[in-house]
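Protein chains in written order, with my numbering: chain D, 1 to 131; chain A, 132 to 848; chain X, 849 to 1337.
Everything labelled a hint here was simulated from the structure, so no lab data went into it.
Careful, some of the hints might be misleading.
To be verified - Taking beta-carbon pairs under 10 Å as the criterion, some of the chain D residues facing chain X (in silico):
hint, residue
1, P52
2, L91
3, V97
4, E98
5, L105
6, Y112
7, K115
8, A118
Claimed, not checked - So these bits of chain X aren't anywhere near chain D, every CB distance computed over 12 Å:
hint, residue
9, P883
10, Q908
11, A1060
12, R1127
13, M1300
14, L1318
The beta-carbon is built from N, C-alpha and C at its ideal position, and this holds for glycine as well.
Spelled out, the chains give:
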Amino acid sequence: MPESYVELYFPVFLQVLIAMAVAGGMIGGSYLLGRKVKNRIKDTPYECGITPTGSARGRFSVKFYLVAMLFILFDIEAVFLYPWAVVYRELKLFAFVEMFIFIVLILCGFFYIWKKGALDWSQQERPPEER
Amino acid sequence: MNFLELIWLIPLFPLFGAATMLLVGRKLDPQAASEVAVAPGVEPAAAGSGHEHGHGGGAKFLISLFCPGMVLLSFLLSAAAVFQLSSLPEKTHQVIQFTWLAGQPFHMAGGGMATFAADWGFLLDPLSSVMILVVTGIGFLIHVYSIGYMAHDGGYYRFFGYLNLFVFFMLMLVLANNYALLFVGWEGVGLCSYLLIGFYFHKKSAGDAGKKAFIVNRIGDAGFLMGMLLMLATVGSVRFVDVNQALTSGRFHPEIAGFGVLSAMALLLFIGATGKSAQVPLYVWLPDAMEGPTPVSALIHAATMVTAGVYMVARSNALFALTPETSLIVAVVGAFTAILAASIALVQNDIKRVLAYSTVSQLGFMFMAAGVGAYWVAIFHLFTHAFFKALLFLGSGSVIHAMSGEQDMRGMGGLKDKIPVTFRTMFIGSVAIAGIPGLAGFFSKDEILWQVFSSPLGSKSVYVVGIVTAAMTAFYMWRLMFMTFYGASRADARTQAHVHESPKTMTVPLMTLAAGSVLAGWIGVPKLWSVFPEGFRTFEHWLEPVFEASAARAVAHGVAHHDTSIEWLLMGLSVAIAVAGILTARHLYLIRPGLPDAIRKASGPLYDTLLNKWYVDELYDFLFVNGLSKGGGALLSRFDASVVDGGVNGAGWMTRFTSRVSIWWDTWIIDGGIRLASFLVKCSSYPVRIFQTGYVQSYALVFVAGVAGFLLYFGMR
Amino acid sequence: MSQYYTATDHFVLVPAIMLALFGCAILLFDFWVFPEPKQRKWLLAFLALGEAFAGYGLWQQHTYIAGQGIAELTAFQGSLVVDGFSLFFNWMFIAAASIVALMSYRYLEVEGEHHGEYYSLILLAQCGMYFLASGADLITLFVGLELMALCFYIMVGFLRSDKRSNEAAMKYLLLGGFSSGFLAYGFSLLYGLSGSTKLSEIGVAIARRDPADPVLLLAMVTTTVGLLFKISAVPFHMWAPDAYEGAPTTVTAYLSVGSKAASIAFLLRIFLGPLASARAAWEPLLVFAAIASLTVGNLAAISQHNIKRLLAYSSISHAGYMLLGLVAGNETGIKGVAVYVLVYTFTNLGVFLVIVALRREGLVGDNIDDLAGLMHKSPGYALLMLICLLSLAGIPPTAGFIGKYYIFLSLIQAGRYVLAAAAALYVAVAIYYYFRIVRSMFMSDAEDAGAMETTFGVRVAAALTGLGTLGIGIFPEPFLRFAGQSLIR
């Protein structure tokens, strides 16, 4: 039985130490052993591929993010359906009702964004005064 | 009809008046549309005499009838209740409406359990009866006076609304049956005082003075609140009756030579009193408060509100009786304030400022009396002072009115025959305050001096201070009289041509108060004058039941015996010194008007020091305003500007350090090609940007510093 | 009903269901049933209906608990609990949300913003608050907190065309997420220490542990940090001035009372529940946070010219007072905190209401000078503001005095005289900046003579807050008894 906190947490400390040592060793090892070549071609993002053009910080339409976020939202909804399907046999009607409510709530949101025009890719920005 | 059960109605009349005025008054008062509150000086010339009833006279008349009427109703009800009280054997009556603040039972600091409750309750006893009669009686007269005085000012309805509100809170203060409810009135009168001082808000000084009054008072209030809470924790109640009973029951031992919890309590309460009653060191607000309209100075800053501290100390007499050390502090502070303020009053040229310092000085006298255990004398002086000081203030208002707003006495003179009523009434007031036998001031002031001399708690040195102050009082009051009313006029021709006696609404209150200044003293004739029957000493006997506790303790101290010849001698001395003061003033300001200048030149820096009020305002400015707000405050606001607004001055070095680290980090990470980290770094990589406003990362920095501090605390523990 | 969803579960959940249901309904009805601008007021009516239904559910819980004479009613295997505490806070949330909604209608019209989302966000945020007040499980509490916080992030940035609003929302979101991270870390450690997410079981586990256990201390510190952030206590207050200033005024009002009250409820649940036995460890932290909040809040407020920013600092200082009640820790202190929060809710809503009422085309109304001469323009609102400011400053007979009184009293009873003295002195400081507003209202001329346009809703809300502030001050007894019942046993 460990006596003090130092003893109790020693393995954790050891693990942290080892992890840091391994990480440091790998970076340091490759730094020491590896050959260092520094020229323009070596520094390009794709050393042996396409020549990069333009800036990496180009701007995307905000709609892209909007759609991406909405996708994630509904994607997660689908993820929830998997565990539900697994335990459905045990929970029976209760699970059905619960999932029904869940989907209805999601649908609420879906109708909202639909009506709001968030899914309408081609539509122009609405003036703020309009509801 | 049992008026005693109706005492809760007394404050409600003025409250009704105030509510009506403040909520719908604007619709009644036609001048409100323009809302120009002019200083009194501008008004006779600008408004003209024929203008007075030019428009909306009817509505104004209604306000003039309604608001003073409400106070009159209160006065009549108070008088009826007090009359009925006098026939009660126990001379005290409590009406409890409902429990206001209640709490769970708790362990008191000294052991034992207590359940604390503060009522919304009213207590009528001899002490509060004196106070309500003063507040409503003098309050009514001043309301009447204001009808004339404020006739030309904008915001007529507002003025009366605030004034009625003040009377309400003042009545709450004196009628409360516990400290918590007293505190309601205490804060309320402070608020009304603030609003009324700043009534002529177009003058910047008026607004500043109001703010100063309120803030200085709040320092005292913090003391009061702490004292009250400490009382709750040790005594277990804040109800006057319970506290008195607990303190006299023998549960607490007198703290004769030591500073215990009772002394702390008494001292904290006294700090509250020094704020409200303008004692050293918190007196600085009262002279500035004279920026308010003159009726306000008379009612709030002379007759009623400023005496609240004296009332509260007298109310707590059982507590102060147990702590003689604190009582001595009270007496010494009172004496010091008295002589300090009187010395300043000697050289002031503004007629209202002289009176303001005089008020501070007289309040010092009251505390002197309270400090030596002569509480009834303190209240007696409060009572007589209310008459003659209100009279003097209203008289000075009438003078200012006549002089088209001139307040500097150097620009007055020779008004004696031009405004005879004002002159005669002020003459009476000045004789009364100087302490000439037969008038109110003599009886109370002489009794104070005698008590200070003879009481076992008193001291001879305090007496000397008192008698010197009395001489100064006679001098500066008569200096005021001679400069204002005698000699040749020093005003310009236009002002002189305009000098006129005030209207009846102003002179009648003056005459009533003058009558009071003559007669009020005759209910407290000295014991020495044995030719007068006991009926002439009603005041002392009336208050006896309230001060039983402290009287008993004073007896325990042992009463020193003095020969009556000493008393006669001292009385003679105080009269002689008053006459001497008057004669000196006459000599300097009437017979040899060149002499004051010569003295001024001869005395040099002393005169300047007095004229500049001992430089106390400057000292406070330096210490608190510049020291604290420009020093400490600036530090914090710089922190505010730097960290909160994003500049990060205080945490600047740390930010620079982290950002340098992060630039270094940046190079490495970008090399590694990790975009997420590069984003994080970008946020903190440009030190210049950090100095701009509102950076969220500097907020996060403070956040992390907080967490680190918390963790460090446990690490270091 | 199955074993997973019993009648009791339903009974406890009804108010939250109502809030969520009406929240969603308003969102959809905005498009389908009431699409015309003229029909907007029906959305407000729906919100009122939602509050009424939630209130009815709450009332049933109230009478059931009182009728059965039981202390609490637990549901969902102890994840939710209905007791005096949760009822007290939930009634307060209903009052706060209703008053905010009443004052919002005209404000939204002036700002030209959408109504539907706004009302539904008010309800959904309140739903989150419901779980904060009734939750007895780390997960429930955390989800409730996030639901509330997410709604507030959106509401703070509700003025889409206003840069300040957007900036405020961004800052609030980033820092809020940051603090949630700390809170979640603390919760995970608490779970690790006890093997349960139930507050009661965590409490038992912690009481058994050595109070100097570093993991316990780490868990406590991170949890404390997360909670202190939510009530905007120093040094985790930095978001408050910016968020308060940038947010639409009505949202600032809701944020300052709703979010703060719910977070205080949350904080009390945690500190008086599972962490009660570690008092010796967290008390110094709270003392520090309280005194620092009083100092920074009161002193920084002095130099502000924007009333919303000033009130943000004032709100920081009030958080300090509330913490002091918890520090005192006795019955009076906890009761004091409950009363303080109640009083603060009404009072602060009153102050914001006047600022909202000032808002009109071309006048933002959040500068101190915008209030100039209010007494001469509309004495009613000026007096309401005066009463509320006096209450914030703790001057009797307004309600604020009652709150401060009990806090001070509890400190004195607990023998913490120094803290009591410091707190009392800061009251004297506070008067300074509150009276700058009073001075502007009473002692200066109106800069423009334009009368205030108000609606019936604003007037009702004004009456409610005014009555609350004065009423609690003069007749505190029923409220005190109510707050007394709310104590956690």
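Hint check results:
1. P52: violated, 31 Å
2. L91: For L91(D), the interface hint holds, since the closest Cβ of chain X sits about 7 Å away, which is under 10 Å.
3. V97: Where the cut-off is 10 Å and the nearest Cβ of chain X is about 8 Å from V97(D), the hint holds.
4. E98: At 8 Å from the nearest chain X Cβ, E98(D) passes the 10 Å test, so the hint holds.
5. L105: Constraint on L105(D) satisfied, holds at 7 Å.
6. Y112: holds, 5 Å
7. K115: Hint on K115(D): holds, closest Cβ of chain X at ~4 Å, below 10 Å.
8. A118: Where the cut-off is 10 Å and the nearest Cβ of chain X is about 13 Å from A118(D), the hint is violated.
9. P883: violated, 8 Å
10. Q908: Holds, because the least Cβ-Cβ distance between Q908(X) and chain D comes to about 22 Å, which exceeds 12 Å.
11. A1060: Violated, because the least Cβ-Cβ distance between A1060(X) and chain D comes to about 8 Å, which does not exceed 12 Å.
12. R1127: Its Cβ never comes within 12 Å of chain D, the nearest being 21 Å, so this holds.
13. M1300: holds, 24 Å
14. L1318: holds, 39 Å
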